[in-house]
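Participant: As a plain string of letters, each chain reads:
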Amino acid sequence: MSSATDVAGRALEAARGEEAEAVAVAELSGLARFAASEVHQPTLIENTVVTLRVVRDGKVGWASTNRVEDDGLRDLATRAAEAADSARPDETFPGLAPPEPLPAIEGYDEATAELGAGEQARLAATAIEAATRYPVYGFFTSGVTEIAVASSNGLTGEQRLTDATALVIAAGEGASGYAEGTSWAADRVDPAAVAREADEKAARTLEARAVDPGHYRAVLEPYAFAELLQYFAYDSFGGQGLLEERSYLCGRIGERVFDSKISIADDALDPRGLPKAFDFEGSPKQRVELVTDGVPRGVVWDRETAAQTADGAVPTGHAPPLLLRDYGPLPFALSVAGGEAQSVEELAELVGDGIYVTRLHYLSIVDPREGVITGMTRDGTFRIRDGRIAEPLVNLRFTVSVPELLADVPGLTREPTLVNQSDFYGERFPFGVLTPAIATARFNVSGSGSAPGI
Amino acid sequence: MAVEAALAAGASYADARVVHRRSQHVSTKNGRVENVRDVESEGIGVRVLVGGAWGFACDRRLSDAGARSAATRATGFARAAAGPHDRRLAPLAAKSGVYRTPLARDPFSVGLAEKVDHCLRAEQALAHADVKVTQAFVRAQREHKFLVSSEGSDVEQELVECGGGIDALAARDGVFQIRSYPSAHGGSSAQAGWEHLDALGLEREAPRVGEQAAALLRADECPAGVTTVVLDAEQLALQVHESVGHPTELDRVYGTEASYAGTSFLKPGDLGSLRYGSEHMNVTADATTPGGLGTFAFDDEGVEADREPIVERGLLRGFLSSRETSARIGAGRGGSMRADGWSRMPLVRMSNLHLEPGEGSLEELIAGVDDGVYLETNKSWSIDDKRLNFQFGTQIAWEIKGGRLGRMLREATYTGITPFFWGALDAVAGRHEWKLFGLTNCGKGQPGQSAHVSHGAAPARFLNVQIGVRA
Chain A
0 MSSATDVAGR ALEAARGEEA EAVAVAELSG LARFAASEVH QPTLIENTVV TLRVVRDGKV
60 GWASTNRVED DGLRDLATRA AEAADSARPD ETFPGLAPPE PLPAIEGYDE ATAELGAGEQ
120 ARLAATAIEA ATRYPVYGFF TSGVTEIAVA SSNGLTGEQR LTDATALVIA AGEGASGYAE
180 GTSWAADRVD PAAVAREADE KAARTLEARA VDPGHYRAVL EPYAFAELLQ YFAYDSFGGQ
240 GLLEERSYLC GRIGERVFDS KISIADDALD PRGLPKAFDF EGSPKQRVEL VTDGVPRGVV
300 WDRETAAQTA DGAVPTGHAP PLLLRDYGPL PFALSVAGGE AQSVEELAEL VGDGIYVTRL
360 HYLSIVDPRE GVITGMTRDG TFRIRDGRIA EPLVNLRFTV SVPELLADVP GLTREPTLVN
420 QSDFYGERFP FGVLTPAIAT ARFNVSGSGS APGI
Chain B
0 MAVEAALAAG ASYADARVVH RRSQHVSTKN GRVENVRDVE SEGIGVRVLV GGAWGFACDR
60 RLSDAGARSA ATRATGFARA AAGPHDRRLA PLAAKSGVYR TPLARDPFSV GLAEKVDHCL
120 RAEQALAHAD VKVTQAFVRA QREHKFLVSS EGSDVEQELV ECGGGIDALA ARDGVFQIRS
180 YPSAHGGSSA QAGWEHLDAL GLEREAPRVG EQAAALLRAD ECPAGVTTVV LDAEQLALQV
240 HESVGHPTEL DRVYGTEASY AGTSFLKPGD LGSLRYGSEH MNVTADATTP GGLGTFAFDD
300 EGVEADREPI VERGLLRGFL SSRETSARIG AGRGGSMRAD GWSRMPLVRM SNLHLEPGEG
360 SLEELIAGVD DGVYLETNKS WSIDDKRLNF QFGTQIAWEI KGGRLGRMLR EATYTGITPF
420 FWGALDAVAG RHEWKLFGLT NCGKGQPGQS AHVSHGAAPA RFLNVQIGVR A
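Taken in order, these protein sequences are the chains called A and B.
Numbered by numbering that gives the first Met the number 0, the letters in the first sequence go through residues 0 to 453 in order.
Numbered by numbering that gives the first Met the number 0, the letters in the second sequence go through residues 0 to 470 in order.
These are computed hints drawn from the structure, not numbers from a lab.
Check each hint, because a few of them may be wrong.
Using C-beta positions, here's what the derived DEER-type ranges look like [claimed, not checked]:
1) B:367 - A:253: 49 to 55 angstroms
2) A:251 - B:113: 38 to 44 angstroms
3) A:251 - B:108: 48 to 54 angstroms
4) A:202 - B:219: 30 to 36 angstroms
5) B:194 - A:307: 42 to 48 angstroms
6) B:61 - A:251: 49 to 55 angstroms
7) B:99 - A:113: 52 to 58 angstroms
Straight-line C-alpha distance at most 25 angstroms; calculated BS3-like pairs for lysine-lysine [claimed, not checked]:
8) B:28 - B:94
9) A:58 - B:434
10) B:266 - A:58
Partial pick of chain A residues on the chain B-facing surface, computed with a CB cut under 8 angstroms [to be verified]:
11) 35
12) 81
13) 91
14) 95
15) 120
16) 373
17) 420
Just so you know, even glycine gets a beta-carbon here, dropped at the ideal spot from N, CA and C.
This is chain B alone, in the form it adopts within the complex (with noise of 0.2 angstroms):
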């Protein structure tokens, strides 16, 4: 009904998209029950091409009103849109297909009593002196999305995911502390079921985790200098998504992001070029990981799910694109478009962006350091609009003696710039440390959108690399 009413319209090319999304959250801290909810949202965006211009609109409404509503209003948007407008997109052989997330336990399934007592237990689990605030969460979500367009393409897929944290907020004599399992800043989620929620073990690890939370009151802090260091598999992820991730899509290295997440420090020219790391830098994107959040069959254009590089051997080899700019860039086929929902347009975003393991083990990255630091868990993080200068800060660190770990070490940073660190990348840990993190808050796009993507990485080793920043 939207296609069609975007063809009538006067549209050249028109997909719709109806997706219900429904999640539920549920969080306790301190031994109270916080948030018990349950959100759902439904509804139809369309998105047209009329004489070169994109034009979306969308509309809460399932309904025949509400698609040809949807449908009429992106037309006629596009037709007011500003520009000369050439927009073209890569040939796609349309696919029809259906995907759900395969799953050993539905997290719906799992009553919300059941997911209150969960929290309580590892919250308990993570009582320490001088931990002032305990807290857990777990959540779960379930995206059921229909795509079709005017080319053909017919898809229908389910998505679900599970994930869960726990946090200790230390504080005395005015220090304060924070330590988190698996992850910082919303907890590790993947597309499983509950079974995910039950090989995290958030009530095995809650009392390693409230114990570092004390003990990084009295830690000393991390001192300033320029040294080699090993980032744990957590910290490195978000590492790859920052500095690999988002100046690989190709709609930043277009510009067409420049106004709020920023540009990037790549040319469309430097594919196959660039040397953007060591040869111990291998990146790929996948979009066909187990597990992962940014795991599909099919696009929100309709493109198959792949498994590409990025970076092979150290030299950029791939970028992230949608047909749009595939087309511009005369290379690829799209395949990373994604939207946040029903309310917004499909964006170039990761999937799953890895990077692939190497040999041996952390504890032997460790042993191959004389003098360095270990870093985990991030705490703070940020780079330019380019993705060249970035700092980020982990909740915790030891410093490296001799081949060991020696003291804990608090307020922990580093600093670098993109190619000269991938570039300092001396070693990556191999298979059997590598482990798969789902971020939920990846943010881009105006109106802002969220995107769920996940990250594998094993610890790797980091030479002269300044640490210690201090305010």
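The shape of chain A in the complex, shown without the other chains (with noise of 0.2 angstroms):
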């Protein structure tokens, strides 16, 4: 694998004498994926990318290459000053990022990081023979990713990032059940037992039946509600989504609006994630708090959105990669402060009668302003009675308001659990959310979908 630092500088080199920012990322992975209890589409992967954004007279263009040696590094200065010339002066561009010291992190295991083909495997193979009744469908990933950034500002930035994730669905005729574990060193996820609660699960979801739309109570475990937040997220808790009016936070910061059990900030600090040192312009990550005992307090910012309010945000460290430009910045490490249960079981006590959410799929936004989001539940989906987790159901149709959802908490579980949201498109950017399990008050089942299983 190429130096990203190394990429990032003669990048810089190679376009001496502009204003210029050159972002390098540098990944090696490798993901064993089986279905049937057989790997079927294992993928290793080594890839250099440099992200190139000169700026002349206040006009400002970007190219990238992976052709990262010297002739492919010219024709990336060429390419980069000839999309800068192609654009209009941008009287609202803030410069480049000037140089700040950077946060020491964690996030870095050497021993994930030579992690190798045939160890990858190996980790699979460990998650398939763990199930004992189903077949598993699923995949265990490392990687290591070095990203860097050099401008001519001087600002200089680099950081290594390890992940690894085991993700197991264990499935057969009218029954699956979900589970995965991730973290930023491989010895603490556990394919084993990430299999063995995807099998144990799936037993429980036998002869699933159906239920009537309507409002329920409900229980979220992490991997439900980290989704569902993080959709959210994309419109509300970004900056440019509030300049745009369509966050579900425009007008209402600084008012109560959720449920006071409910804390979530941003965190790429935080060693319990996938930490981060900087952001895809080289500005400091800092911890955001962006809803503060049910009350909204802020978004996250980019130096470009933030240039562009009327009151002077402060750039958070979230300026995005290039090819998410679009959506400005974006939270990639939110965090759910936990509540006072012990468990999930706790929690369906609470809700009494309800249902009990294990996972979901296929998310889409309904309405952004509002933050009403559909999808579907998926393998492990039941009935809570008189307070226990009673009898499976098929997959549920759910047409939800996260603000109404989150305006009820009965309670959360103590203990935050970190859940992938990578779903490894592009370049490999490991994040995820940090969360605990969430009873809600109101869960709108709309429709009913089809039965657990294969």
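Two chains, two frames, some hints: make the complex.
Facilitator: Right, here's the structure in full:
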């Protein structure tokens, strides 16, 4: 794998004389994907991509390449300069990020970085062998990612990240269960335990029934709540959503709109997550309080969106990678404060009568301004009766207002779980949500779908 | 070099794909240039069968060392893969060939500055009171790729895409609405040159788009109920994609996509016997469609492009398949394998999947409705893991009363179960209403892959549809 720091430095050198910024991402990863307890799509990736931003007379252009030898970098500099020349002067452009001290973070594990294809295949096999009831579907992956930035302002930064995820669906005819484990250190991910959790969950889903549409109380496992919150965050917790008036937080910052048990931050510095030291323009990552005790406090910003605010918002270290620029700054390290419940069973007691949801599938934003999201439950949906997790249910269609779901929260579990949110499109950028399980007084079931299982 | 190295390392089959992809993306927002970017990526991906097990590895270096490294690592990964492994491929007569997208004006010959101007002009025409955000974008992509296999396939293809779109975002008194053209979620692209952009007429359509975005702020919410629904061609393209395209992918039918995108309500034995929809439903997979994003001469396994029925008069007639899944089901020949660039393994993907036209016009479809709604342009989309329960929302709708369009409606949604919904297909408009839409955001696989696919459709009418889902 090429050194990201070396590549970023040489790309900047290729653009000598320009006002420029180079961001390099180097990836070495393996993913052993399995279906029906057999590895069927094993993928090994080695790549290094560098993105060069050039500013000429207030005009900004980008180019990127993975041809990181000298001739490729010369072409890169030429294409980035042409892109800049083709733009229009941007009076709101705040300039490239200045050098700032970067936080010291964890998030790199040498043993994880050294995992090779043989070990990745073996860890996938560990998951496959641990499921005794049902065939399993999923993957084990690990990778090392280096991100480096260098700019004509004298800014330099580098970070090495490792990540590992085991994801398992145990499934047979009419039964399926889900579990996953994610960490920046592979020895904290136990593929066998993940497989056993999925296998045991699947065994409880046979003979699932439908329920009538309507509003239910519910318990959402961390897998389910993490995905729902990440989708809500795309519109509501980013600076661009606020500027474009599609965020639920528009006009509501400082008002109590959620249950007082709800506190949410974006914290890429937390070693329990997948830590990052800086964003894709080299600004240091900051912990951002999004919601405190049920009161929205703010959103995340990059330099560009912060400069467009009337009240002078401060960049928080959330500039996205080039291919996500259209979405503006987004929180990729959501962290939900834990509650008092010791277990999901205790949350079920608080709910009394309702629905228990393991995970979600295929979410879509129906109304961004009101935080309305639809999707399906999957691989472990149950009825809660008399305070206990009871009979299995078919996959349910839900259409929920996330703010309403968060407005009345009987409880959360004490310990958060890190839930992977990367589907590994494009260049590897591991991220996840750190969240406990949550109980809510309002979860709208709008229909029924297929039964669990394959 | 890569194929030889893989065979020398013990592979019984190997293929190598070299891909160079370059793309340009220009976008403007509120009169400001947001993005002018020029992105390229190249590398080699090597896929092998060793003892019946797949292995895949890739390397960005287009050199002997890169090719050998990818081949060796792929064979090593295949050897380490858990499972009994007995994967076989449908027979393929090795072919050589060269294919290039026909172009009138190469989109890369159009300067970035001209692309910026195009966006700014279109965006200015979107301006309207209550429209808070105007945005426009254009994109171009050239993918030059080579495939060689140990069975003698030797194919070179150069596929060029061009597309764009505009959006108006309106907000007032806590209500937020969006209107897009020619399609939501990234406009519409085609395998074509700049002439496709000219034909879209972004600047021409912009005033209507801006006006409708503003008007939606004052529109009534779509009521709830069960009624007759007429879908425009754009929404229908996504309906076909989600509820016909994905469930007929044979890898999903066999469960190999279970851990991410999901499986299918279809079973292998349903071929030729399952009633998918009404007699008005005719769906065709066609990798030869001029302008289609899924158009090629050969797929990424070297299988020649073809046009095949998937649903005929409502009956399931075909699956989208690979050589492996074709061998497993004992039918077909593959032809739907596509990879996202050089660093991903080919998967069964849609190419171009069309709802074939019927007769008459959109106006005639609407005239046949006494009480119902007409829905236009997708806004939200979701479907379950077996592709049965779906819920879609559209940007705009109109009530239909007495065969005529009435008041404008916002927050329109509809939901259904796939075979029941298609079973209630009452009519499809004719050829002159049929349009091709190119989507660039079809996700599948782990690690994730984005596919570019096209769908042709004409507006269609469905009976007894649940609309107006609320939170």
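Participant: Check the structure against each numbered hint from earlier and tell me which ones fail, lowest number first.
Facilitator: Violated hints: 4, 5, 7, 8, 9, 10, 14, 17; rest satisfied.
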